[in-house]
Each structure stands twice: as structure tokens, then as C-alpha cells.
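K.L.:
Sequence:
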Amino acid sequence: QVQLVESGGGLVQPGGSLRLSCTASGSGFSIYGMAWYRQAPGKQRDWVAGITRDGTTNYADFVKGRFTISGDNAKDTVYLQMNSLKPEDTAVYYCNADLFTYSRRSYWGQGTQVTVSS
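Using this note's numbering, you'd call the opening residue of the sequence shown number 1 and step up by one each time.
What the hints contain is simulated information worked out from the structure, not anything from laboratory work.
Keep in mind that the hints are not guaranteed to be accurate.
Unchecked claim - Pair by pair, the computed Cβ-Cβ distance ranges are:
1. Thr68 <-> Gln39: 19 to 29 Å
2. Lys43 <-> Leu11: 30 to 40 Å
3. Ser117 <-> Gly28: 37 to 47 Å
4. Glu88 <-> Ser30: 32 to 42 Å
5. Gln39 <-> Thr101: 20 to 30 Å
Keep in mind the model is a prediction, meaning the values are calculated, not measured.
Every residue gets a Cβ at the ideal spot worked out from N, C-alpha and C, and that includes glycine.
Build out the structure end to end from the sequences listed, making use of the hints.
P.N.:
Right, dumping it as C-alpha cells:
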């Protein structure tokens with residue numbers, strides 16, 4: 001059974017930074033790519049950024065230039081460095097992994113709260 005465990009959320013002031021981490025645990029899996037999504041109260045879940053196993057990255061327009069996604073294949077871990085945070089970045093951030101075990105499917109983490117407020 002594969003699990004995604006996130007960490008690094010919290011409360012930060014506007015303009016501040018946070019770094020989220022997400023590690024895939026289990027055995028017998030291969031990761032094609034990982035991504036971060038976020039969901040604010042009363043809103044849909046939005047894709048934030050993604051990274052493929054070869055390191056190709058993509059970002060939603062609303063985080064370009066502020067957030068950086070990176071990965072460590074040896075640790076099956078993805079990071080999201082968030083700088084210049086704004087109150088509108090407040091949301092639950094979810095890690096997603098596109099991976100293969102017995103079949104190819106998408107896995108989700110439990111989510112970590114990020115609150116940007118003074």
C-alpha cells in the first residue's frame with residue numbers, strides 16, 4: 001500500500017516563506033510524476049505545480065515566480081518552496097503522485113494547512 005505523507009504547513013505572515021514536503025512510502029512502486037494542488041474553503045481544488053521524474057516542472061500562473069517545486073527521486077519526495085506568500089495562498093495543500101504499483105493510478109496525501117495572515 002502506497003501512502004503520501006505531507007509536512008511543512010503552518011501560519012506565516014504575508015511576504016513570508018514556507019516549504020512543504022511530501023514523501024511516498026510503501027514498496028514496489030514507480031513514480032511517473034508528482035504535483036501539488038490546493039483547495040481554499042468553498043472553492044474547487046486547483047493544480048499548483050508539477051514535476052516529472054526527469055525533473056521537468058510546470059506551474060500555475062498564479063504561483064509562477066514565487067513557488068518552486070523540486071524532487072528527490074532517491075527519497076521519493078517532492079518539495080514545494082513557497083516565497084512571497086499572499087493571503088490568497090491560504091488553503092489546504094495536497095500532494096499528488098502519478099505512480100504504478102499493480103496499475104497506474106493517482107494517489108493523494110492527507111493535506112496540510114497553509115495560512116497566510118498578519
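K.L.:
Given a hinted range of 30 to 40 Å, is it respected by the beta-carbon distance of lysine 43 and leucine 11?
P.N.:
violated, 20 Å
K.L.:
Could you say whether the range 37 to 47 Å given as a hint is met by the Cβ separation of serine 117 and glycine 28?
P.N.:
holds, 42 Å
K.L.:
Could you check the hint for me, namely that glutamine 39 and threonine 101 are 20 to 30 Å apart, CB to CB?
P.N.:
holds, 26 Å
K.L.:
CB of threonine 68 to CB of glutamine 39, is that within 19 to 29 Å?
P.N.:
holds, 21 Å
K.L.:
Can the suggested window of 32 to 42 Å be confirmed for the beta-carbon pair glutamate 88 and serine 30?
P.N.:
With a Cβ separation near 36 Å, glutamate 88 and serine 30 satisfy 32 to 42 Å, so the hint holds.
Figure legend: structure checked against the earlier numbered hints; the only hint not met is number 2.
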